[in-house]
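Student: Sequence:
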Amino acid sequence: MSSHPPRRRAEDVRIAVICALPREYDAVILAFDEIWSDEDTREPALRRHNHTLGRIGIHHVVLALLPNMGKACAANEVVWLRSEYAGLEVAFLTGICGAVPKPGTENEILLGDVVIGESIVQYDLGRQYPSSFSQKGDVDDSLSRLSKDVRTFLATYETHHGRDDLQQRITKILAQIQQVAIAKDRHCYNRPAAQDDILFEPNYLHKHRDQSDCVCHGWAACDGAIKASCKQLKCDVRHQVSRKRLESKGPELRIHIGRIGSGDTVMKSGKHRDRVAAEHGIIAFEMEGAGVWEEIPCIIVKGVCDYADSHKNKSWQDFAAAMAASATKALLERYVSSTTKKSYMTLVDSPSDTFTLASVFNVAGVNHFVGRGNELRRLHKELEWTGKRRTAVLHGLGGMGKTQLSIEYTKQHESDYSAILWINARDETSLKQSFQQVARRIIREHPSVAYVQVAMANQEPDETAEAVKRWLNEARNNHWLVVYDNYDDVKLRPIPKESLSHSDMIVQLEAVDSKAYDIRPYFPETDHGAILITTRSSTAELGQMIQLSKLGDVNDSLEILQSTSNRANLAQDRDAMALARRLDGLPLALSTAGAYLKQVSRTCGEYLRLYEKSWLRLQKQSPQLLTYDRALYSTWKISLEHIQQQSLSASMLLGQWAYFDNDDLWYELLREGRSEGPAWLVEITEDELSFDLAMRLPCEHGLVEANPPAKETGRESRGYSVHQCVHAWMKHMLNTGVDKERAWTAMRCVASHVPSTEQHEFWSIQRRLLRHADQCLKKEVMDVGEGEIWMFDNLGMLYWDQGRLKEAEAMYDRALQGKEKALGPYHTSTLNTVNNLGLLYKDQGRLKEAEGMYQRALQGKEKALGPDHTSTLDTVNNLGLLYKGQGRLKEAEAMHERALQGSEKALGPDHTSTLDTVHNLGSLYKDQGRLDEAEAMYERALQSCEKARGPEHTSTLDTVNNLGLLYSDQGRLKEAEAMYERALQGCEKALGPDHTSTLNTVNNLGILYKDQGRLKEAEAMYERALQGFEKALGPDHTSTLNTVNNLGILYKDQGRLKEAEAMYERALQGFEKALGPDHTSTLNTINNLGLLYSDQGRLKEAEAMYDRALQGYEKVLHPDTLRTYVPALNALENLGDLLEQRGAMNRALEHYDRARMGIADITASEARAGSAASRGY
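Residues 1 to 1177, numbered by UniProt numbering, are exactly what the sequence shown covers, in order.
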């Protein structure tokens, strides 16, 4: 690439700018984008000493300084210009003028305003008659009009929109000229004070009034008065004219377009000014326009320096000249003549060498970039060249790889841009240093860009930044990309004081040394080019917002680990997979881990262990990454500092978050800690708006994300989450050791928020709480006081309801120990925990221990509360369930009947506690073979539950599930399937796919599919249930063993006898261990083993199994129960079949008769129930 542009030719010059005064010329030269030396032109000999060649915008321009004032000198100069520059199309006559002030009108003109001529009048050209002067005519009538392009061009600025747009651009160019002038130690272009803008009445003459020897009289003034200032002559302020525009603070620039008066004499009379202006419609006076206009199409641009009266004011001349120069450049930036349009479009499509820079990356990129295909495509879509400004803001958590993604984008699309500039936007100092680096690149590759050279020579960072922006603003320079990297200290809008708490206002007052700044003044002003901003803050809404989130594909995480650790085949390493999942797609964490593993012999599993055990030491000992400017343990410190500067409460919340789970922290949960919580917690949970404000700050800085609406909330607020690595940072950097106050605060919030099962959608809230409860236990403190015991009870209920029985037992044990010590063993609260432990032991299959707990609770409650108290009745009902599980059906029935009568009396027939007992009685009747009575109980329970609790409540779903069981036993398989499907869908929604209640229904569906002959579907259900139970309850839990037994039955029906035997053996051993050798579940499995041995031809072993099962049933079941107990009847029939095969017919008939008598009793019982129902009993 050539470092120097080709030489320019005189015929390429299309624009002339003509100035009459040196001060006008000095101002215009500062507006040039390039000034050419003799070496830049091919015909230096032809250039006159008063001509300067260069470029403004896309135009090649000649700047001419007239040797003298007046139209004749101007006309001669234009003739020379046109002969020397054959391609000249239009001239700009730029300088200062006197204006017609028009006070009190809408078109009031002030000093410093800009006047643009759309036509001209030579007001002193005509004939002088004895009685009057006759104007010859205006130039519009005698000379050719402006070209159509120029007329159309100027017409744009007769509109309000056009003038407003031009005014804004003039203001920006003026600031550039002022900065360049200051760099040259010229401070003359600042706007004078408003009090120096003085207008006197037209008839009030500028003359001496107190000198008797002076010749000043009437309308004449002496030479001394003409040269003196108003202050020296003591011009009377009472004759000053007030103007509305001056009443406002710092009146803004205005542009006025109209007719200009041109003459050979300077207008210095307010009286004559107004008369001539009224006669010809003039808005300003000057002396060269008529001479230029006669020779070439001309645009007159003048800055107002006085009011064309006798009170001349030279203090405004330099500022007015700078305004005219700024307006000329602004017009030239917008002006495209007919002869230059074609070449301009070529330049737009193919930027010249002046605006290309070789790509230089000031930041280190990774050797192997991974993933992010969607994000790269999105960036390309937002930054693709369209001719208009394109801006994208890449925001996200620190360490997410925003800078690396930007580097990769610029590498992939380097050819799309004429120049790619990398600006370190960490703070204003770094940003300005980056602009200086860019300026050095421009000078090195394009020495002809004079204003950049001047700025660098003056060693002023602000001037250099403006010069680079000026280069980017060039009309032809429209294919650049500027990357503003790490703009994290964002200051775009102030936080309203009324939205801050008292403590937060104090923090803000103390944060006066914040480095936050507004980046917008450092953007180029023109509407072209592309800007990419990387930031942690979501408040930097300066373009299309693109949030960079964690890597979604774990394989991408593994690839980063593999490339940074220099280890192969990590995809086959389970520990590497676990590490990748733990680091949760955060590129900085993955790269840090890889760099550490590259230098040591540790395995991924060992690194993960150290990560959990010694996080901070591990991070500090990890190698510093060249591709990231901060280490993992310190990268979020800057975000924390920003939050602390604005809200102490929000920063305290981040420290507290370490004692909750990283996912799903929400308002109602934290509100539960208000009563005994710290002051900051009380403050942020005062109401929802206070909480939103506290959360907004960490969200803005990328540390926290609002959860998506798709997450289930249980009709409570949506939550917020932090990345797992940020959570680790919270634990180890924002906390040292275990903070007891924070630990108890978290546990209090969780325990207080455990919902009653009567609460609507309680299961959703329980599921949200579960992970926070787990985190609380990890940070548990040992010194439990009396005031904290209740928390363990509530957490026990939470774990129990969610099928986490081991954790529930630990919580209940802690609660029981605390209550026995604090309240005594017979306190009702102690007894409630005893009762809950009984329930838990029963669910664990520890029936003897459960019975001991129930008996203790029952005796204590009967003594303390009485036999009919509802709490006593709850324990009675629980005992009934236990007896039923033990096969003690008569005792179970007695308990349930007592509980039902008591509940109906105390609470009413439709109370939920009453309905629970009704449901339990239905289950008991089913086990007794009293199916019609069971159905009546279930139907009553279902209807009332749907009314009281809703159709999706878990108690309702339990009844639905049991109705399915009943229908199955009755052979109503389609109805059973409908019940199971309803129960399954409801449980999956309410409790999740892995909850034990869900798995029970899955198991029941397996039984149904088996009965329907749908064996493959049955097997899938059993397998799902088995895996779920083993995970949730363990391999030896009775629910797990029931499914094992069911799988054995299925395998037997499929002819897979060896697999069936293995299942039965496992189930039998488990039941014997958990329930004892005589439990009905144990005996049922023994009977199933007998059937299997019979099918295998192992008849002796089969007979032994049948005998053992029958003996067990006879031992544990009441004779009345035994007579109608279906599994016992099946065992009798099975043994009869076996005896018949062996030829022992008498014994076989004996067993058949007993089985038939039981079946007859069941049938008769069902008939009696049906008859009673038909009679309305």
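Everything labelled a hint here was simulated from the structure, so no lab data went into it. One or more hints might be untrue.
[Unchecked claim] With a straight-line cut-off of 27 Å between C-alpha atoms, the simulated DSS-like cross-links for lysine-lysine are:
(1) K244 to K234
(2) K491 to K432
(3) K314 to K172
(4) K244 to K314
(5) K271 to K234
(6) K227 to K148
(7) K620 to K731
(8) K268 to K231
(9) K550 to K731
(10) K491 to K515
(11) K227 to K271
(12) K234 to K268
(13) K1115 to K1100
(14) K947 to K1016
(15) K613 to K731
(16) K778 to K613
(17) K381 to K411
(18) K1058 to K1115
(19) K234 to K172
[What the hints assert, rightly or not] Computed spacing ranges between beta-carbons, pair by pair:
(20) N707 to E247: 51 to 57 Å
(21) D427 to Q195: 36 to 42 Å
(22) H827 to K1016: 23 to 29 Å
Note that this is a predicted model, so its numbers are computed, not measured. A virtual CB, placed ideally from N, CA and C, is assigned to each residue, including glycine.
Student: Work down the list of hints and note, for each, if the structure agrees.
Tutor: Status of each hint after checking the structure:
For the proposed pair K244 and K234, the alpha carbon gap of about 24 Å is at most 27 Å, so the pair holds. For the suggested pair K491 and K432, the alpha carbons sit about 17 Å apart, so the restraint of at most 27 Å is met. Straight-line distance between C-alpha atoms of K314 and K172 comes to about 24 Å, which keeps the hinted pair within the 27 Å bound. The hinted pair formed by K244 and K314 meets the criterion: a straight-line CA distance of about 23 Å does not exceed 27 Å.
Among the hinted pairs, K271 with K234 is consistent with the structure: their alpha-carbon atoms are about 20 Å apart, no more than 27 Å. At roughly 45 Å between alpha-carbon atoms, K227 and K148 are farther apart than 27 Å, so this suggested pair is violated. At roughly 15 Å between alpha-carbon atoms, K620 and K731 fall within 27 Å of each other, so this suggested pair holds. Under the criterion of a C-alpha separation no larger than 27 Å, the hint pairing K268 with K231 is consistent with the structure, at around 18 Å.
For a cut-off of 27 Å, the pair hint linking K550 to K731 stands: about 20 Å separates their Cα positions. A C-alpha spacing of about 9 Å is found between K491 and K515, which places the hinted pair at or below 27 Å, so the restraint holds. For the hint linking K227 to K271, the alpha-carbon distance of about 19 Å falls within 27 Å, and the restraint holds. With a CA separation close to 19 Å, the supplied pair K234 and K268 stays within the 27 Å bound.
Between K1115 and K1100 the alpha-carbon distance is near 22 Å, which keeps this suggested pair within the 27 Å criterion. Taking the CA atoms of K947 and K1016, the gap is near 38 Å; set against the 27 Å cutoff, the hint is violated. A threshold of 27 Å between alpha carbons decides the hint, and for K613 with K731 the separation of about 12 Å falls inside it, so the pair holds. For the hint linking K778 to K613, the alpha-carbon distance of about 13 Å falls within 27 Å, and the restraint holds.
Straight-line distance between C-alpha atoms of K381 and K411 comes to about 16 Å, which keeps the hinted pair within the 27 Å bound. As the CA atoms of K1058 and K1115 are separated by approximately 31 Å, the hinted pair breaks the 27 Å bound. Under the criterion of a C-alpha separation no larger than 27 Å, the hint pairing K234 with K172 is inconsistent with the structure, at around 38 Å. N707 and E247 have their C-beta atoms about 55 Å apart, which keeps the hinted 51 to 57 Å range intact.
As the Cβ distance of D427 to Q195 is approximately 39 Å, the hint placing it in 36 to 42 Å holds. Restraint check, H827 to K1016: a C-beta distance of roughly 55 Å breaks the suggested window 23 to 29 Å.
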